[in-house]
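So the protein lines, in turn, are chains A and X.
Be aware that the first sequence starts at 347, since it is given in the numbering used here, and climbs by one per residue.
Be aware that the second sequence starts at 1172, since it is given in the numbering used here, and climbs by one per residue.
Keep in mind the hints are simulated off the structure, nothing from the lab.
On a predicted model such as this, the values are computed, not experimentally measured, just so you know.
Cβ coordinates follow ideal geometry from the N, Cα and C atoms, glycine included.
Heads up, some of the hints might be wrong.
Here chain A is said to cover these stretches of chain X; the calculated rule only asks that three of the stretch's residues, wherever they fall, bring their Cβ under 8 Å from a Cβ of chain A [unchecked claim]:
| no. | segment |
| --- | --- |
| 1 | 1209 to 1219 |
| 2 | 1230 to 1237 |
Partial pick of chain A residues on the chain X-facing surface, computed with a CB cut under 10 Å [what the hints assert, rightly or not]:
| no. | residue |
| --- | --- |
| 3 | 364 |
| 4 | 394 |
| 5 | 458 |
The following residues of chain A were derived to be distant from chain X, with all beta-carbon distances above 10 Å [stated by the list, open to error]:
| no. | residue |
| --- | --- |
| 6 | 363 |
| 7 | 390 |
| 8 | 427 |
| 9 | 430 |
| 10 | 431 |
| 11 | 433 |
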Amino acid sequence: EAEVAQSPRYKITEKSQAVAFWCDPISGHATLYWYRQILGQGPELLVQFQDESVVDDSQLPKDRFSAERLKGVDSTLKIQPAELGDSAMYLCASSRATGTGGYGYTFGSGTRLTVV
Amino acid sequence: AQSVTQLGSHVSVSEGALVLLRCNYSSSVPPYLFWYVQYPNQGLQLLLKYTSAATLVKGINGFEAEFKKSETSFHLTKPSAHMSDAAEYFCAVSALGGAQKLVFGQGTRLTINP
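Could you build the full structure based on these sequences and the hints that come with them?
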């Protein structure tokens, strides 16, 4: 079964350092999402791509977060500088439909970020 | 706009007992509804989804959910709990069509007692 690949699985970084996460969606999936999940809460959308274009980044803290999907395939989410409150699970998901289209998403295993 | 409320952040049942996890949604347009399961330090796995076809939806691992428009509910059930069902469960809603995001509830942690 095809999977969404994310790396690294775990990352510990010091406050004020830069950190980056990578996601490779399922082949052929045009839509890619980055979600942040704080411990004990549900995931919240940070950014949504349709191919290489950003569709929704209204909840992305743009002063420190950036995301790109240059060739419309894999994607990178960056935080600079990291803050203690950024400690969370960062989940990538992809879908072959525009939006969910009833297909739902396929999620990766996530990157657990701890900022110290 | 869409939103989801999951009633009960923690549910505990005995092995073999009925599992009932509650989800109520709010949507200004006809919704798609989903249940996901998350095991510790893992991503989310789709259990089942409602996409405006049959109101009773069957999913993986013996779970099912019923869409009740009059009650704006989409509760998740399983007749007989198994120890392996212990996990976090998330209800999510999305609007039909278009580039619509999933909006998740806060989650319900299911514990199974032997």
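Do the hints match the structure? See the list:
Requiring three or more residues with a Cβ within less than 8 Å of a Cβ of chain A, the coverage given for the segment 1209 to 1219 of chain X holds, as 6 such residues are present. Proximity of the segment 1230 to 1237 of chain X to chain A, defined as three or more residues with a beta carbon under 8 Å from a beta carbon of that chain, is not established by the 0 residues found. A hinted interface residue such as residue 364 (chain A) counts as satisfied when its beta carbon comes closer than 10 Å to some beta carbon of chain X; here the least separation is about 24 Å, so the hint is violated. With a cut of 10 Å, the hint placing residue 394 (chain A) at the interface with chain X holds, because the nearest CB-to-CB distance is about 6 Å.
Contact between residue 458 (chain A) and chain X, as hinted, is supported at the beta carbon level, the nearest pair being about 6 Å apart and thus within 10 Å. Every Cβ of chain X is farther than 10 Å from the Cβ of residue 363 (chain A); the closest lies at roughly 22 Å, confirming the non-interface assignment. Not every CB of chain X lies more than 10 Å from the CB of residue 390 (chain A), the least distance being 7 Å, so the non-interface label is violated. A cut-off of 10 Å between C-beta atoms confirms that residue 427 (chain A) is not in contact with chain X; the least separation is 25 Å.
With a minimum CB-CB distance of about 20 Å to chain X, residue 430 (chain A) clears the 10 Å threshold, and the non-interface call stands. The claim that residue 431 (chain A) lies off the interface holds: its Cβ sits roughly 18 Å from the closest Cβ of chain X, which is beyond the 10 Å cut-off. Every C-beta of chain X lies more than 10 Å from that of residue 433 (chain A), the closest at about 14 Å, which supports listing it as non-interface.
Hint check: violations occur at hints 2, 3 and 7; the rest are consistent with the structure.
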